[in-house]
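Enquirer: Residue strings, one per chain:
There are 6 protein chains.
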Amino acid sequence: MLYLTRRERFNAAHRMYHPEWTDDKNLEVFGKCSNPNWHGHNYNLFVTVKGEPHPETSLVVNLKELSRVIREKVVEPLDHRNMNLEVDFMEGKIASTENLAMAIWEVLEKEVQVLGVKLHCIRIEETENNIVEYYGEINHGNY
Amino acid sequence: MLYLTRRERFNAAHRMYHPEWTDDKNLEVFGKCSNPNWHGHNYNLFVTVKGEPHPETSLVVNLKELSRVIREKVVEPLDHRNMNLEVDFMEGKIASTENLAMAIWEVLEKEVQVLGVKLHCIRIEETENNIVEYYGEINHGNY
Amino acid sequence: MLYLTRRERFNAAHRMYHPEWTDDKNLEVFGKCSNPNWHGHNYNLFVTVKGEPHPETSLVVNLKELSRVIREKVVEPLDHRNMNLEVDFMEGKIASTENLAMAIWEVLEKEVQVLGVKLHCIRIEETENNIVEYYGEINHGNY
Amino acid sequence: MLYLTRRERFNAAHRMYHPEWTDDKNLEVFGKCSNPNWHGHNYNLFVTVKGEPHPETSLVVNLKELSRVIREKVVEPLDHRNMNLEVDFMEGKIASTENLAMAIWEVLEKEVQVLGVKLHCIRIEETENNIVEYYGEINHGNY
Amino acid sequence: MLYLTRRERFNAAHRMYHPEWTDDKNLEVFGKCSNPNWHGHNYNLFVTVKGEPHPETSLVVNLKELSRVIREKVVEPLDHRNMNLEVDFMEGKIASTENLAMAIWEVLEKEVQVLGVKLHCIRIEETENNIVEYYGEINHGNY
Amino acid sequence: MLYLTRRERFNAAHRMYHPEWTDDKNLEVFGKCSNPNWHGHNYNLFVTVKGEPHPETSLVVNLKELSRVIREKVVEPLDHRNMNLEVDFMEGKIASTENLAMAIWEVLEKEVQVLGVKLHCIRIEETENNIVEYYGEINHGNY
Numbered sequence: 001m002l003y004l005t006r007r008e009r010f011n012a013a014h015r016m017y018h019p020e021w022t023d024d025k026n027l028e029v030f031g032k033c034s035n036p037n038w039h040g041h042n043y044n045l046f047v048t049v050k051g052e053p054h055p056e057t058s059l060v061v062n063l064k065e066l067s068r069v070i071r072e073k074v075v076e077p078l079d080h081r082n083m084n085l086e087v088d089f090m091e092g093k094i095a096s097t098e099n100l101a102m103a104i105w106e107v108l109e110k111e112v113q114v115l116g117v118k119l120h121c122i123r124i125e126e127t128e129n130n131i132v133e134y135y136g137e138i139n140h141g142n143y
Numbered sequence: 001m002l003y004l005t006r007r008e009r010f011n012a013a014h015r016m017y018h019p020e021w022t023d024d025k026n027l028e029v030f031g032k033c034s035n036p037n038w039h040g041h042n043y044n045l046f047v048t049v050k051g052e053p054h055p056e057t058s059l060v061v062n063l064k065e066l067s068r069v070i071r072e073k074v075v076e077p078l079d080h081r082n083m084n085l086e087v088d089f090m091e092g093k094i095a096s097t098e099n100l101a102m103a104i105w106e107v108l109e110k111e112v113q114v115l116g117v118k119l120h121c122i123r124i125e126e127t128e129n130n131i132v133e134y135y136g137e138i139n140h141g142n143y
Numbered sequence: 001m002l003y004l005t006r007r008e009r010f011n012a013a014h015r016m017y018h019p020e021w022t023d024d025k026n027l028e029v030f031g032k033c034s035n036p037n038w039h040g041h042n043y044n045l046f047v048t049v050k051g052e053p054h055p056e057t058s059l060v061v062n063l064k065e066l067s068r069v070i071r072e073k074v075v076e077p078l079d080h081r082n083m084n085l086e087v088d089f090m091e092g093k094i095a096s097t098e099n100l101a102m103a104i105w106e107v108l109e110k111e112v113q114v115l116g117v118k119l120h121c122i123r124i125e126e127t128e129n130n131i132v133e134y135y136g137e138i139n140h141g142n143y
Numbered sequence: 001m002l003y004l005t006r007r008e009r010f011n012a013a014h015r016m017y018h019p020e021w022t023d024d025k026n027l028e029v030f031g032k033c034s035n036p037n038w039h040g041h042n043y044n045l046f047v048t049v050k051g052e053p054h055p056e057t058s059l060v061v062n063l064k065e066l067s068r069v070i071r072e073k074v075v076e077p078l079d080h081r082n083m084n085l086e087v088d089f090m091e092g093k094i095a096s097t098e099n100l101a102m103a104i105w106e107v108l109e110k111e112v113q114v115l116g117v118k119l120h121c122i123r124i125e126e127t128e129n130n131i132v133e134y135y136g137e138i139n140h141g142n143y
Numbered sequence: 001m002l003y004l005t006r007r008e009r010f011n012a013a014h015r016m017y018h019p020e021w022t023d024d025k026n027l028e029v030f031g032k033c034s035n036p037n038w039h040g041h042n043y044n045l046f047v048t049v050k051g052e053p054h055p056e057t058s059l060v061v062n063l064k065e066l067s068r069v070i071r072e073k074v075v076e077p078l079d080h081r082n083m084n085l086e087v088d089f090m091e092g093k094i095a096s097t098e099n100l101a102m103a104i105w106e107v108l109e110k111e112v113q114v115l116g117v118k119l120h121c122i123r124i125e126e127t128e129n130n131i132v133e134y135y136g137e138i139n140h141g142n143y
Numbered sequence: 001m002l003y004l005t006r007r008e009r010f011n012a013a014h015r016m017y018h019p020e021w022t023d024d025k026n027l028e029v030f031g032k033c034s035n036p037n038w039h040g041h042n043y044n045l046f047v048t049v050k051g052e053p054h055p056e057t058s059l060v061v062n063l064k065e066l067s068r069v070i071r072e073k074v075v076e077p078l079d080h081r082n083m084n085l086e087v088d089f090m091e092g093k094i095a096s097t098e099n100l101a102m103a104i105w106e107v108l109e110k111e112v113q114v115l116g117v118k119l120h121c122i123r124i125e126e127t128e129n130n131i132v133e134y135y136g137e138i139n140h141g142n143y
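Chains as they are written, first to last, in this note's numbering: chain B, 1 to 143; chain X, 1 to 143; chain S, 1 to 143; chain Z, 1 to 143; chain P, 1 to 143; chain U, 1 to 143.
Note that these hints are calculated values from the structure, not bench results. Keep in mind that the hints are not guaranteed to be accurate.
One copy or two, either will do: identical chains are not told apart, so a pair holds if it fits within one copy or between any two.
Below, in silico cross-link-like pairs of lysine-lysine (DSS-like), each with a Cα-Cα straight-line distance of 25 Å or less [what the hints assert, rightly or not]:
{"id": "1", "residue 1": "Lys-118", "residue 2": "Lys-50"}
{"id": "2", "residue 1": "Lys-64", "residue 2": "Lys-50"}
{"id": "3", "residue 1": "Lys-64", "residue 2": "Lys-32"}
{"id": "4", "residue 1": "Lys-32", "residue 2": "Lys-73"}
{"id": "5", "residue 1": "Lys-32", "residue 2": "Lys-110"}
{"id": "6", "residue 1": "Lys-93", "residue 2": "Lys-64"}
{"id": "7", "residue 1": "Lys-73", "residue 2": "Lys-25"}
{"id": "8", "residue 1": "Lys-32", "residue 2": "Lys-93"}
{"id": "9", "residue 1": "Lys-50", "residue 2": "Lys-93"}
{"id": "10", "residue 1": "Lys-25", "residue 2": "Lys-110"}
{"id": "11", "residue 1": "Lys-73", "residue 2": "Lys-118"}
Same shape as in the complex, but just chain B (with noise of 0.2 Å):
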């Protein structure tokens, strides 16, 4: 079993911000984070993807067609994007972190088991002091 992953990069503008919160309560749980004028990241990316290497290429996964599914799937609705307003997945979820690694996962999980490997973790590094890992539903406990 070899893991394999794809770093792509994306910048685009969110909010912390509750709906049924006041602004009042969302200022106080999420400070400066639920400014109404939005502020913004450059995002890390890294899907990592897991798999046996093809016994006649040794490769786990064509790299090319790894990188281009990330980009049209996940990457180009992303960048230069308002994350609260105008990403599809993210529709209804409050614009964190968390939320966007699973949902990322979410995208992904069937377009890679295409490409004949299985997801292995969803990785954003929203700042260099602040990162999320998303592993999945199924390995609970393993990691």
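With chain B held as given, fit chains X, S, Z, P and U onto it using these hints.
Expert: Just chains X, S, Z, P and U now, kept in the frame of chain B:
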């Protein structure tokens, strides 16, 4: 003559937008960077000052003082803010990294003089691929 | 289950030194790392916690709270200090990165539980080439 | 159980090439990576071992010894070399990063056992966007 | 006067080799860098241009245009190529990073003038430890 | 004129301390950096030399020679040492990064001349946020 650089970081939203142009013209010139719903970045700011080492302490400048000034005057107004809507020193300017570098120069030039050093360079890394440097109007041609 | 990592930094002096050994034995085993006049590092500390996203906020943990705890309990006692002489939780221990990782685990384990998450990993980068990770005694074999 | 990682670097040439395929087939499957005139990379190699801290020294492994073994057995044969033509442990294998990770595992597995630790992971960063990790055949499924 | 830098990357094979020397002489002068079977690097290229902000857009140069020119004229000819055998603008030159920087300067000097800016610096990072910068023949002594 | 930069690293202990001041005065001016029990850093040193490419080899300087000189004269005396107590060329000086940069300049200026190049810049990164650059006394005003 020694050069001392302090790095600070801030996360902000912006869009490239010329108020006298139509949305189509803005889109044509600035591309996805003019998205009306904003996008954002993790900005790396490098402030370089120059001076002679102080005869007693051998320090060019007290780093704590330099850092305090940069945070109060530049980082706090920008961090988790919308550069087009909320930042005094960017008012009436297109929110380009070029304009941001020149505006920060204007804000800091006198502040660092009080600390006994001259401002040498404002460098802003918008992404890991895009960097702007401004050395002030006076040293035209020497660099 | 989501994993959230917070990076913090501190600069400290230390030496590798076994109090029951002669200086020669210390030098033989630890090499230049046992220099009696100390040396030091910029340590990168990564604290990883795990938990479920909170049903209302979709946050695993309030990052501001997590960061505050790490700074108060770990970074402030270590930063600009001598790890062998001045740090309570390293008293009586050889100042190895391994011991430091285990000591920080002990300091933080209960603190993060109060914030509603479980401590998953203490990772310390001593230099860009040397890294130690500790996952606690309980998850032996699962990683 | 503690995990200790040592980074080493090497610069090598390679091409993706299946000896039983035509040049056209190689080009079709591997794209520009199959260029017959070679291309190359700065490889970052991360070797992770695991073990218990030694009761006397509190070290998991003597880093100098670990580093020496990795350099002699892995870095020297690869650095400033052609991975397809000159590296014993890659002979008869397609020069993919996947195969390289598995070959380095085989080379190091017993070597680090002599130092009192178990090999846990071989991680190779081919570029800043492409990363492969191999955990050995035995811990299939646990990671 | 503002300085704007664009980073691009390419992966190439090369060897240090003087055609009028014997293999032994090449080995003596260039060491392992003259390995006849090639080695390679992930090159980081930083192209810095300088100019005044455009009065209407406040941009020094259209980044998309600058990036397109660098990719077409420099990155595509070099990426996944053999610098000694396949790169027009390196023909007849020793494949040193110094020569590469000067050759890229020649290629780009007029191209960026068309975009309204002057070429200021070609910086190439061959490894994280080896860096070459070229400022063109004209500004001898000023930097 | 080409500029060639070599990075080397060292880990050292130091404290900011003026011998003619009281401990209270030292603490007041230098803050936690004057901790009597020392602290330390991983220093990144960048040595930049300038010269013309050699007509035969197209190399500005033999990198192995440059690296050897820097290691012998600068890195070995500093690495795993106490900058205040053990480093000849820092004797009688406050252990500031500014003084360190100027002292390294003095050590290397003639050494690199023997290799056929001129010393251009000593750059020291004390942390990822604090950087000092020294260009020698002669090129005052030109940079």
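Enquirer: All hints, please: hold or fail.
Expert: Hint by hint, here is what the structure shows:
1. Lys-118 x Lys-50: Result: close both inside a copy and across copies, 5 Å intra and 22 Å inter.
2. Lys-64 x Lys-50: within (16 Å within a copy, 32 Å between copies)
3. Lys-64 x Lys-32: Classified as between: cross-chain Cα gap 11 Å, same-chain 39 Å, threshold 25 Å.
4. Lys-32 x Lys-73: between (30 Å within a copy, 17 Å between copies)
5. Lys-32 x Lys-110: neither (36 Å within a copy, 28 Å between copies)
6. Lys-93 x Lys-64: Result: close only across copies, 21 Å inter versus 31 Å intra.
7. Lys-73 x Lys-25: Classified as neither; 34 Å inside a copy, 28 Å across copies.
8. Lys-32 x Lys-93: Answer is both; intra-copy 19 Å and inter-copy 24 Å each pass.
9. Lys-50 x Lys-93: between (28 Å within a copy, 20 Å between copies)
10. Lys-25 x Lys-110: neither (38 Å within a copy, 28 Å between copies)
11. Lys-73 x Lys-118: within (17 Å within a copy, 33 Å between copies)
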